[in-house]
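Engineer: Residue numbers (the working numbering), protein chains in the order written: chain H, 321 to 690; chain F, 379 to 662.
Wrong hints could be hidden among the right ones.
[What the hints assert, rightly or not] Sample of chain H residues at the chain F side, in silico, Cβ under 10 Å:
1. K401
2. K404
3. I535
[Unchecked claim] In silico negatives: residues of chain F with every beta carbon more than 10 Å from chain H:
4. Q450
5. S467
6. E473
7. L481
8. R521
9. E607
10. E624
Hints were generated in silico from the structure; no laboratory data involved. Glycine included, C-beta positions come from ideal geometry on N, C-alpha and C.
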Amino acid sequence: MKLWHSFVKEILLASRGFYFYVEIVMAFVFLFLLLFVIPDNFSNKSTEYLYLDLPKAAADAFMEFSVAEDLDQQGEAVEIKSGKNIYPANLIETDTSKIYYLESAEAVIQLAEDEKNFGGIVKLNEAGDGLAYEYYLQGYESERMKNLLLLFHNTEMSKLEETFNAQEVRPLSDGFEPLTDKQNMVPVFLTFNGSFMGMFIIAAYIFLDKKEGVIKAYAVTASSVWQYLMSKIGVILTTTLVSSLIITIPVMGTQPNYLLMVIFLLATGFFASTLGLFLASFYKDIVAAFGAIYGLIIVIMLPNIAYFIPSWDPVWLKIIPSYPMLEGFKEIILPGGDAAFVLWTSLGFLVAGLLLFVFSNKRYQHSLTV
Amino acid sequence: MIKVEGLYHSYSNDENYAVKNANFEIPKGEIFGFLGPSGAGKSTTQGILTGLLQLQKGNVNVAGYDVKNISQKMFNKIGMSFEQSNVYSKLTAKENLDFYRKLFDGQTREPADLLKLVGLDGKENVRAGEFSKGMKHRLTFARSMINNPELWFLDEPTTGLDPAIASEIKDIIRKENNNGVTVFLTTHNMFIADELCNRVAFIVDGEIKLIDSPKNLKLQYGEQLVDVEFRKNGTVVKETFSTIKEEEKQRLQKVILDYEIQSMHTKEATLEEIFIKVTGRGLV
């Protein structure tokens with residue numbers, strides 16, 4: 321009962337404070353961004369500027385071939401505004417790129433330089449019986465990229481096609497829908513606004529109590545320190561659930577496994593809260609703790625890079641708690657996600673959280689009141 | 379009610395002791411004053427007795443509980459009023475007391491009664507953050523009574539209060555003591571100690587220099603003095619005479635006979651003067 325009374329008091333205090341609303345307001349801000357700012361899928365089409373330095377008949381044939389590749393099989397006359405200059409162009413848009421056919425080689429070179437995009441000039445080779453390509457790159461392209469261009473222009477198409485077709489690609493599983501780019505952002509918000517925000521807020525609550533000295537008053541009651549700490553964690557878990565559902569329900573609808581999500585949020589929220597408690601036990605006030613908090617923010621943000629750039633995924637990154645959190649939330653919102661992974665990861669966070677809670681409780685018993 | 383034997387405490391875990399070899403015993407029903415200047419070791423001793431600081435060396439028994447292995451049940455028997463007010467500023471006065479009363483196991487007092495007792499009636503639903511320093515102090519004092527303590531720790535209970543309120547607080551302490559509550563009073567205010575305490579301990583640099591009743595201390599260390607104002611050669615002269623020293627008694631007689639007396643008051647030595655005499659230290 322004392323734990324319940326402490327929890328009710330903490331909810332009351334939180335509802336009259338600033339930090340409680342930070343998480344909720346941030347959830348609405350993120351929701352707004354997801355619903356109205358972030359598109360379903362980010363455009364990843366490359367932009368290229370081309371000039372056909374060819375006799376008219378050859379240029380017409382080239383364009384005819386290019387227009388056939390256009391999404392609606394017809395080019396579009398456009399104007400490219402770059403700085404103070406306006407360049408007329410013919411735009412051909414395919415699945416993977418936007419190709420602007422310009423009226424002069426100078427325009428291609430200028431635009432490649434100003435807009436930091438790929439530029440190229442197509443001309444006849446010296447023998448006059450084939451095409452030659454002159455590329456204007458930015459200078460930072462990799463050797464792989466340059467080699468690919470060399471290979472492309474110096475190898476017979478039939479051979480390349482033969483090699484492509486010889487590659488065997490086997491999907492490990494099928495029957496699932498990939499997430500849109502927008503949906504793919506949800507695990508990031510759940511990890512950082514949902515679970516990890518609690519770490520900072522609980523530390524802020526502890527420092528506020530230290531400042532007011534109310535912990536001393538609590539310490540001379542017939543209630544235990546662990547009940548005091550657990551009541552604060554209870555508040556954090558409540559706000560974590562509320563803020564996470566604010567983001568998830570409107571964006572994901574009925575797609576996620578909400579039971580799994582609640583279990584995972586409670587486990588990860590508990591872990592993050594106890595981490596915050598443990599951290600706060602070493603410092604007198606939030607100013608003294610700032611350096612450690614800042615360092616921790618940097619570390620827990622690192623798995624974000626691997627999340628968005630899967631080619632960078634070193635082993636050491638996987639021990640940072642935000643890594644399995646991101647993966648866990650992704651499995652939850654994926655149709656047919658790996659429930660076993662989520663449950664095992666939840667268990668891991670719960671055990672780690674319990675250990676941190678025991679350590680924190682020991683530390684607070686001897687450090688809360690001096 | 380309290381028994382302390384060979385108590386030592388060091389914040390740096392070395393031989394630089396904040397409290398050195400403290401020994402004292404407080405029987406049930408006594409008001410015991412723990413007096414000393416800032417940094418003397420008063421708060422450290424009180425911190426150990428209330429479990430706020432961990433016992434390092436010595437034996438301490440409080441309200442029947444060994445502080446070495448502190449039991450949460452001990453706190454049902456003790457109350458603690460802190461020098462620095464420490465209430466939840468975002469909760470109202472009543473909410474503060476309502477919350478704390480739920481943290482004890484036994485019979486507790488009605489928050490409204492306590493607020494009335496300390497002169498905060500009518501302020502029940504005002505948030506503590508809106509209170510003046512004195513009002514917060516009274517709320518902290520009221521909270522320390524919420525569990526009907528048998529042993530009451532009071533740390534500078536009248537500091538920062540105006541004289542009328544301070545007088546009311548002293549009356550409350552007397553009344554609670556008359557009902558059998560043992561009081562451990564920590565203060566550097568010798569007047570309140572003199573008024574309230576059955577016995578006092580003088581502590582300086584972590585060491586208890588003496589323990590006795592204010593009355594015995596005055597008998598032992600104090601002098602009976604007389605302040606006299608008299609007119610001599612057209613001007614008013616003020617002098618203090620001892621009524622114990624023969625030479626000064628005779629001089630006093632001469633002054634009474636030879637000069638026009640303006641005023642004459644007997645005066646006994648204050649506890650503060652005795653403290654300075656015994657410890658060689660002031661109280662600030």
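Engineer: Does each hint fit the structure? Answer for all of them.
Structural biologist: To see whether the hints hold, each was checked on the structure:
Annotation: K401 of chain H was flagged as interfacial toward chain F, and the flag is violated, the nearest CB pair being 56 Å apart, outside 10 Å. At a threshold of 10 Å, the smallest CB-CB gap from K404 of chain H to chain F is about 58 Å, leaving the interface hint violated. Nearest Cβ of chain F to the Cβ of I535 of chain H: about 8 Å, under the 10 Å cut. The hint holds. Distance check for Q450 of chain F against chain H: the nearest CB is about 5 Å away, which does not clear 10 Å, and the non-interface claim fails.
Listed as a non-interface residue, S467 of chain F fails to keep its Cβ farther than 10 Å from every Cβ of chain H; the least gap is roughly 6 Å. E473 of chain F, annotated as away from the interface, has a beta carbon of chain H within 10 Å; the closest lies near 7 Å. Annotated as non-interface, L481 of chain F brings its C-beta within 10 Å of a C-beta of chain H; the closest such distance is 4 Å. Distance to chain H contradicts R521 of chain F as a non-interface residue, since its nearest Cβ pair spans about 7 Å, not more than 10 Å.
Every CB of chain H is more than 10 Å from the CB of E607 of chain F (nearest about 48 Å), matching its label as outside the interface. Here E624 of chain F stays apart from chain H, with its beta-carbon at least about 55 Å from theirs, past the 10 Å limit.
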